[in-house]
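Q: Taken in sequence, the protein lines are chains W and Y.
Going left to right, the first sequence walks through residues 1 to 206 as the working numbering numbers them.
Going left to right, the second sequence walks through residues 207 to 412 as the working numbering numbers them.
It cannot be assumed that every hint is accurate.
[Said to hold, decoys possible] Computed, partial: chain Y to chain W, Cβ under 10 angstroms: (1) E305; (2) A313; (3) L319; (4) V326; (5) R336; (6) Q342; (7) A349; (8) V385.
[What the hints assert, rightly or not] Just a few of them, taken from the derived set where beta-carbon distance is under 8 angstroms, the chain W residues facing chain Y: (9) V92; (10) A107; (11) A143.
Bear in mind the hints are in silico, worked out from the structure with no lab data behind them.
Think of the CB as a built atom: it goes at the ideal place given N, C-alpha and C, for glycine as much as any other residue.
There are 2 protein chains.
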Amino acid sequence: MPSPPQSLVVLDVEGVLTPEVWIAVAERTGIDFLRRTTRDEPDYDVLMKGRIAALDAAGITMTTIMEVVEGLMPLPGARRFLEELQSRVPVVLLSDTFEQFGRPLMAELGWPLLLCHTLVVEGDRLADYRLRVNDQKARSVEAFRALNYRVVAVGDSYNDMTMLAAADSGILFRAPDNVIAEHPQYPCCTAYEDLLDLIDGCILNF
Amino acid sequence: MPSPPQSLVVLDVEGVLTPEVWIAVAERTGIDFLRRTTRDEPDYDVLMKGRIAALDAAGITMTTIMEVVEGLMPLPGARRFLEELQSRVPVVLLSDTFEQFGRPLMAELGWPLLLCHTLVVEGDRLADYRLRVNDQKARSVEAFRALNYRVVAVGDSYNDMTMLAAADSGILFRAPDNVIAEHPQYPCCTAYEDLLDLIDGCILNF
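Go ahead and model the full structure; you've got the sequences and the hints to work with.
A: Here is the structure:
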């Protein structure tokens with residue numbers, strides 16, 4: 001009897017387990033520019049440089065930004081979902097957020113492994129950002145597959161699509177209608193219970 | 207001002223965070239053969255096949271083995287140490303144990319990410335084992351380095367040495383005297399507080 005292969009699940013974070021950090025900063029500071037996302041500005045570097053310029057123009061310090069981030073909570077049910085999933089299969093969180101933003105939210109989620117990027121902070125000013133590696137979500141999935149894991153990837157937006165494509169199975173969670181329409185190959189759902197079922201189904205098919 | 211590189215810590219599990227599972231099974235079943243380790247039998251396949259034959263000869267079922275494993279607790283202070291470390295840096299547990307043995311211990315440790323192997327169970331019999339990948343500890347370190355993390359590796363025994371060699375920095379924790387003597391290049395300690403300090407020192411030097 002062959003033994004089933006070993007599986008690993010990678011999850012996007014913002015929109016899947018936590019609120020969108022930049023939206024929260026926009027609401028707290030009243031800077032509408034910070035509501036722009038990669039959907040409005042597909043060039044990530046232009047977007048981030050614009051965010052930093054907008055924060056500078058308004059005199060928003062890193063202390064203020066971190067107060068917003070530290071006030072955020074995971075989405076309702078997220079921690080329970082994550083713990084249930086971790087009891088079944090190894091889980092890695094893959095996000096294009098930054099370690100400084102991720103840390104308070106990971107504390108609320110019981111310190112799951114989060115692979116992400118980092119901000120450059122000078123004094124109390126958000127000065128710049130550093131991508132640890134380009135397309136890190138897809139590259140991380142490739143790395144876990146090379147380590148002989150079958151990978152299920154869960155995401156919600158355009159910047160997750162290379163990750164889903166690199167995985168053995170992909171699932172859309174609370175994705176916008178256009179993302180769902182453009183990627184009919186992926187099952188989709190909006191409730192954590194259904195997500196657990198979809199992940200189980202993927203793993204059983206490996 | 208250059209931003210510091212992003213760091214990640216990999217930890218061996220048995221002897222570092224938890225007791226040795228096979229020693230516990232040996233004590234519970236009275237099968238002395240199960241006390242043999244890779245120090246007594248360097249060929250891992252011969253060792254594992256011997257363990258399985260010894261369990262079969264004594265009629266020890268998977269249910270009994272799992273009762274032993276589920277009765278194990280992390281080493282004193284291990285969970286607190288792990289949570290403190292996770293609040294500072296991403297942490298991955300690398301072990302040559304098996305998912306079935308790891309799961310109850312990971313529950314006690316708050317579900318950190320554990321990369322390991324799997325047992326083949328037929329009915330209630332431990333029938334075989336499957337290494338997910340050869341030399342997985344070193345290969346995992348190489349994968350995280352390729353994803354642009356600087357890696358600190360912590361281990362205690364011979365099967366950790368390729369992992370320590372692959373990492374940017376290696377630390378010996380509660381290692382036997384011969385391992386320490388043969389690897390003078392690595393700092394060593396026996397208390398979790400000192401281990402936190404050594405890890406911090408490695409990261410600051412990156």
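Q: Against each hint, give a clear statement of whether it holds in the structure.
A: Going down the list of hints, with the structure as the test:
1. Residue-level restraint check for Y:E305 holds (minimum Cβ-Cβ distance to chain W is 7 angstroms; threshold 10 angstroms).
2. The restraint placing Y:A313 at the interface with chain W holds, with a minimum CB-CB distance near 7 angstroms, inside the 10 angstroms limit.
3. For Y:L319, the suggested interface contact is upheld, since its CB lies about 4 angstroms from the closest CB of chain W, less than 10 angstroms.
4. This hint holds: Y:V326 has a C-beta 4 angstroms from the nearest C-beta of chain W, less than the 10 angstroms allowed.
5. Residue-level restraint check for Y:R336 holds (minimum Cβ-Cβ distance to chain W is 5 angstroms; threshold 10 angstroms).
6. For the restraint placing Y:Q342 at the interface with chain W, the shortest Cβ-Cβ distance is roughly 7 angstroms, inside the 10 angstroms limit, so the hint holds.
7. Interface hint at Y:A349: satisfied, since its Cβ lies 4 angstroms from the closest Cβ of chain W, which is below the 10 angstroms cut-off.
8. The beta carbon of Y:V385 comes no nearer than 26 angstroms to any beta carbon in chain W, farther than 10 angstroms, and the hint placing it at the interface is violated.
9. Because the smallest distance between the Cβ of W:V92 and any Cβ of chain Y comes to about 6 angstroms, under 8 angstroms, the interface hint for this residue holds.
10. Of the supplied interface hints, the one on W:A107 holds, with its beta-carbon coming within about 7 angstroms of a beta-carbon of chain Y, less than 8 angstroms.
11. For W:A143, the suggested interface contact is upheld, since its CB lies about 4 angstroms from the closest CB of chain Y, less than 8 angstroms.
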